[in-house]
Amino acid sequence: MDSALIPKGVKRCPLWQFLLGLGIVGVVLAWGVYAMLLCWFKGLNQTNMNDYYGFALWIWADLAVIAVGGGAFFSGLLKYIIGKDELKYIINYAVLIGFICYSSALLILAIDIGQPLRGWFIFWHANVHSMLTEVAFCLSCYFSVLTIEYIPLILENRQIDRVPFFHNLSHNMHETMAVFAATGAFLSFFHQGSLGGVAGVLFGRPFSFREGLLIWPWTFFLFTWSAAAYGPCFTLLITWITEKVTRKKLVKDNVVELLAKISGWMIFTYTIAKIFDTTRWANITAPGLGQTLADFYTGTAMYGYWILFAEIVLGGLVPAIILISAPLRKNPVWRVTAIILAVMGVSLNRWVMVLQVMAVPVMPFDKWALYYPSWQEVATTILPVAYGIILIMISYRYLPIFPQEAELNPIDDEPAVVAEINTPADLEPAQA
Amino acid sequence: MKHEQQHNPPMKYGMAIDLDKCTGCGACMVACMSENNVPFKTDESNKLDSITWIRVYKLTNGKSFPDTDICYLPRPCQHCEGHGGHSPCVSVCPATATDYSHETGIVSQIYTRCFGCRYCMAACPYHARYFNWWDPVWPDGMEKYLSPNVSPRMRGVVEKCSFCFHRYQQAKNKAYLNGERRVPEAAYQTACTQACPAGAIVFGDLNNPEHKVHQIVQPDPHNGNRSKNPRAFRLLERLGTNTKVYYLSSREWVRRAGDNYLAHETTGHVSKPHH
Ligand code: SF4
Ligand code: SF4
Numbered sequence: 032m033d034s035a036l037i038p039k040g041v042k043r044c045p046l047w048q049f050l051l052g053l054g055i056v057g058v059v060l061a062w063g064v065y066a067m068l069l070c071w072f073k074g075l076n077q078t079n080m081n082d083y084y085g086f087a088l089w090i091w092a093d094l095a096v097i098a099v100g101g102g103a104f105f106s107g108l109l110k111y112i113i114g115k116d117e118l119k120y121i122i123n124y125a126v127l128i129g130f131i132c133y134s135s136a137l138l139i140l141a142i143d144i145g146q147p148l149r150g151w152f153i154f155w156h157a158n159v160h161s162m163l164t165e166v167a168f169c170l171s172c173y174f175s176v177l178t179i180e181y182i183p184l185i186l187e188n189r190q191i192d193r194v195p196f197f198h199n200l201s202h203n204m205h206e207t208m209a210v211f212a213a214t215g216a217f218l219s220f221f222h223q224g225s226l227g228g229v230a231g232v233l234f235g236r237p238f239s240f241r242e243g244l245l246i247w248p249w250t251f252f253l254f255t256w257s258a259a260a261y262g263p264c265f266t267l268l269i270t271w272i273t274e275k276v277t278r279k280k281l282v283k284d285n286v287v288e289l290l291a292k293i294s295g296w297m298i299f300t301y302t303i304a305k306i307f308d309t310t311r312w313a314n315i316t317a318p319g320l321g322q323t324l325a326d327f328y329t330g331t332a333m334y335g336y337w338i339l340f341a342e343i344v345l346g347g348l349v350p351a352i353i354l355i356s357a358p359l360r361k362n363p364v365w366r367v368t369a370i371i372l373a374v375m376g377v378s379l380n381r382w383v384m385v386l387q388v389m390a391v392p393v394m395p396f397d398k399w400a401l402y403y404p405s406w407q408e409v410a411t412t413i414l415p416v417a418y419g420i421i422l423i424m425i426s427y428r429y430l431p432i433f434p435q436e437a438e439l440n441p442i443d444d445e446p447a448v449v450a451e452i453n454t455p456a457d458l459e460p461a462q463a
Numbered sequence: 015m016k017h018e019q020q021h022n023p024p025m026k027y028g029m030a031i032d033l034d035k036c037t038g039c040g041a042c043m044v045a046c047m048s049e050n051n052v053p054f055k056t057d058e059s060n061k062l063d064s065i066t067w068i069r070v071y072k073l074t075n076g077k078s079f080p081d082t083d084i085c086y087l088p089r090p091c092q093h094c095e096g097h098g099g100h101s102p103c104v105s106v107c108p109a110t111a112t113d114y115s116h117e118t119g120i121v122s123q124i125y126t127r128c129f130g131c132r133y134c135m136a137a138c139p140y141h142a143r144y145f146n147w148w149d150p151v152w153p154d155g156m157e158k159y160l161s162p163n164v165s166p167r168m169r170g171v172v173e174k175c176s177f178c179f180h181r182y183q184q185a186k187n188k189a190y191l192n193g194e195r196r197v198p199e200a201a202y203q204t205a206c207t208q209a210c211p212a213g214a215i216v217f218g219d220l221n222n223p224e225h226k227v228h229q230i231v232q233p234d235p236h237n238g239n240r241s242k243n244p245r246a247f248r249l250l251e252r253l254g255t256n257t258k259v260y261y262l263s264s265r266e267w268v269r270r271a272g273d274n275y276l277a278h279e280t281t282g283h284v285s286k287p288h289h
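Heads up: the protein sequence lines correspond to chains A and B, in order.
In terms of our numbering, the first sequence is residues 32 to 463.
In terms of our numbering, the second sequence is residues 15 to 289.
For reference, chain B alone in the conformation it holds in the complex:
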């Protein structure tokens, strides 16, 4: 298997999230929590210390009726590639407890190695990383419903969206048993993708032209993986984080909300980052 894997071109798992389809229902958040044994508190109203691997933000165009418009933006970990795997968070972790996989493009988190310095949280501009301020406490009997494929985390370590990595591992094993060279597109899908009733999330290998996500995004490797699709943009693209979650919208104000622009700059046209 290992031998066979080496002959496979590297994959880059990523997402395309159509913000014009997202209704803000939060099904992705619920599916993610249950799939990944994400702990919760009795009172989850303080969003600054509760864990939500994928968080749906509500954006408004700031205008009053009748021009007012809103948009919901689900934000998982963006699995930043940075420059050659130099993600903002991976590059700073002193204990190599988070890593960029060149095989899958997934940014992993090694819970048993993380010692909770939280430097990675400071580095991530998307607030995709969460600290376990408490040990997880499940309501009576709920332990029986936890997923056996995902290890629960102890207090004092950081966690974040893993693109349901355990599903990838299972799909990889299955592909091997079936004698397939590659993991089929449908065999590895994240929980949020499957849960979204509006079909707003498309997940797959951005490097594989047969995958739907590639066809939608059309990433341009010669232009820092920017999308050739005029509806597509990435969050904070100009920072050079080189994320693998692409967003789609036909609304200009939504695309503009995805990045910081100086007043005179036009949406989608920014200079290259300095570093």
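In isolation and in its complexed conformation, chain A is listed as follows:
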């Protein structure tokens, strides 16, 4: 029924199957929206946050999606600025995933603040010394950049593309994409960094406080570096999941391996920097403020030394080594394992930098405070996941996201279409 909207040369599941899928995810989405409305109309008492846990599950989710959404800016940087041209076959998807991550982050922030209608005060009464101000400005600007990067992809839809105005618009936007990729990379450098700065500047909290360079604590650079390093892994993970769900190969191995290799080296260098940072903090910064590693990691079973090991070794060194080593990287099982470990590693890092910061007592007579989220928090955190799946489903069905799909999955029973897709025009990537 909707075949006129489906890109040429590719096959999609029947409409009823698609709608059924949308319906199922839609129920989850509706559940999340219900919880969101509860939070907006009844207030944050719907959560299990408290005065010790002013930052909790949401802020973690926010930091985590922004970190893994870093795949968009870093792939753009690699393709448009550094000139890794093969990445044009995955960049559309990286942009789409980035768009989902960043819109989710903004939505979560809108739910998280106690007075959502005053959200604009962060721009209006901006305190330029606050890391959060920098985050707000760069995040919104970068979201606009991602939207601009996503629009040409929408314009590539078969029916929209037939309108000459949209066709030309999309063409012209492609021409200028390098400018947006550069702007995106610049903005990302700052907001990813400021998110790291959010925890790093808390000089009242020795667990998160770090010295740094000028006004930027070391966490500023570590967050930017880790987003660039781990973001592509998330792009690869979602690509792999999409391939499994659609039972199709969508991106050629050489593209995946290239991105995996770059990511591997980035994770490796990041982990080395993280080890230096941790060592310095454990031996100089924290003791200088009267606290030791034992104060941070032995107070409760939840935050034991295992978390350091899991973050740095399991989520850092192990995936880095797998992705750097050519034979391991080329083996899909190892590669996917590494990618999953990496995504878990960066998410754990963000967890530690939000929730463990809140948990560790600072006053000697204070106690560890633990927290578990309420269902409303869980539902609103799953909401962006459902929204992301829906957006991916729709985009995948109607837009030429994967330029190599038609080539990798020829449709035998439609010779006319196959002939058509072999023409260079249709193989041209969307170049978001």
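If you're looking for bench data, these hints aren't it; they were derived computationally from the structure.
Some clues are possibly wrong.
Said to hold, decoys possible - Far from chain A, by Cβ distances over 12 angstroms, these chain B residues were calculated:
#: 1; residue: Met43
#: 2; residue: Thr118
#: 3; residue: Met156
#: 4; residue: Pro166
#: 5; residue: Ala189
Claimed, not checked - Pairs of lysine to any residue, SDA-like flavour, derived with a Cα cap of 25 angstroms:
#: 6; chain 1: A; residue 1: Lys398; chain 2: B; residue 2: Leu62
#: 7; chain 1: A; residue 1: Lys398; chain 2: B; residue 2: Val44
#: 8; chain 1: A; residue 1: Lys398; chain 2: B; residue 2: Val70
#: 9; chain 1: B; residue 1: Lys72; chain 2: A; residue 2: Asp326
#: 10; chain 1: B; residue 1: Lys61; chain 2: A; residue 2: Val364
#: 11; chain 1: B; residue 1: Lys61; chain 2: A; residue 2: Gln387
#: 12; chain 1: B; residue 1: Lys186; chain 2: B; residue 2: Leu160
#: 13; chain 1: B; residue 1: Lys72; chain 2: A; residue 2: Met394
#: 14; chain 1: B; residue 1: Lys242; chain 2: B; residue 2: Gly98
#: 15; chain 1: B; residue 1: Lys35; chain 2: A; residue 2: Pro395
#: 16; chain 1: A; residue 1: Lys73; chain 2: B; residue 2: Lys55
#: 17; chain 1: A; residue 1: Lys73; chain 2: B; residue 2: Ser64
#: 18; chain 1: B; residue 1: Lys72; chain 2: A; residue 2: Gly330
These numbers were taken from a predicted model, which means no experiment stands behind them.
Built from N, CA and C at the ideal position, the CB exists for glycine as well.
Based on these hints, arrange chain B with the ligands on the given structure of chain A.
Showing chain B with the ligands alone in chain A's frame:
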């Protein structure tokens, strides 16, 4: 008045709380709640989400009978000055909804500007900041007893001890009408100070040698405002928060409980913070 104020040297309102005198009666907490229209819930047993601008902590020396000893420590907002007004909480607020006054040294909270991001709460190591998880609900008829000088807060914003700032404003107006250049010591006192039956809290201008709090604390501006009084200490002094609430105790374990020390460090002697 404004003109006149400019010629006054800046003030630094602060406190000295004698922990050897505090009996833990909680009168300061009650006085504060009623003075500042602090909302409360029917069930206040969960201390993680109930608002207590000044909270009395119970400390023990961890020893068993007969050596066991306890101490009560009232904790208002410490009105941190940090380095030049760079308080932990003020520096992070993205909307400038909390501010450090160089005129009084008081850290203010602008309820109508706060949008409830709670970053300041994450920044304050003293847990002096509280979020309004609910809209305030007063028992029937109690609205009539609310103080007209303090605005009640709506849900979704952060609040904290203001050193009864409205009292300062009233005292300032009165001083002006009386033709006085400065607010007299007795004219501006916080509710907790006045309520404490043991007289454990002394409040005043730390910069003014005539004020009792100055005489007790003897702050040393050349040493990061540390007290020259050997009985005095500040909470988490080594973090560089540069607080204006000083505590006094003759008991070494109490003074040691005020900060984090490495095993080999002696109480009261710590290196300078790194930042
Ligand atoms: S005690 Fe906390 S709320 Fe008060 S000034 Fe210091 S950091 Fe801010
Ligand atoms: S909760 Fe309010 S006062 Fe605190 S940092 Fe956010 S806007 Fe500022």
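Structure-based check of all given hints:
1. Met43: holds, 15 angstroms
2. Thr118: holds, 20 angstroms
3. Met156: Its Cβ never comes within 12 angstroms of chain A, the nearest being 21 angstroms, so this holds.
4. Pro166: holds, 15 angstroms
5. Ala189: holds, 31 angstroms
6. A:Lys398 to B:Leu62: Holds - the C-alpha atoms of Leu62 (chain B) and Lys398 (chain A) are around 11 angstroms apart, at most 25 angstroms.
7. A:Lys398 to B:Val44: At roughly 24 angstroms apart (the allowed maximum being 25 angstroms), Val44 (chain B) and Lys398 (chain A) satisfy the hint.
8. A:Lys398 to B:Val70: holds, 15 angstroms
9. B:Lys72 to A:Asp326: Roughly 21 angstroms separates the two Cα atoms, so the pair holds.
10. B:Lys61 to A:Val364: Roughly 49 angstroms between the alpha carbons, so the hint for Lys61 (chain B) and Val364 (chain A) is violated.
11. B:Lys61 to A:Gln387: Measuring from Cα to Cα gives roughly 20 angstroms; hence the hint holds.
12. B:Lys186 to B:Leu160: Since the Cα atoms of Lys186 (chain B) and Leu160 (chain B) sit roughly 22 angstroms apart, the hinted pair holds (cutoff 25 angstroms).
13. B:Lys72 to A:Met394: holds, 13 angstroms
14. B:Lys242 to B:Gly98: Holds: Lys242 (chain B) and Gly98 (chain B) sit about 21 angstroms apart, inside 25 angstroms.
15. B:Lys35 to A:Pro395: With Cα atoms ~21 angstroms apart, Lys35 (chain B) and Pro395 (chain A) stay inside 25 angstroms; holds.
16. A:Lys73 to B:Lys55: Between Lys73 (chain A) and Lys55 (chain B) the Cα gap is close to 16 angstroms, so the pair holds against 25 angstroms.
17. A:Lys73 to B:Ser64: Distance ~17 angstroms between Lys73 (chain A) and Ser64 (chain B) Cα, so the pair holds.
18. B:Lys72 to A:Gly330: The hint holds at about 20 angstroms.
Hint 10 from the earlier list is the only one contradicted by this structure; the remaining hints agree with it.
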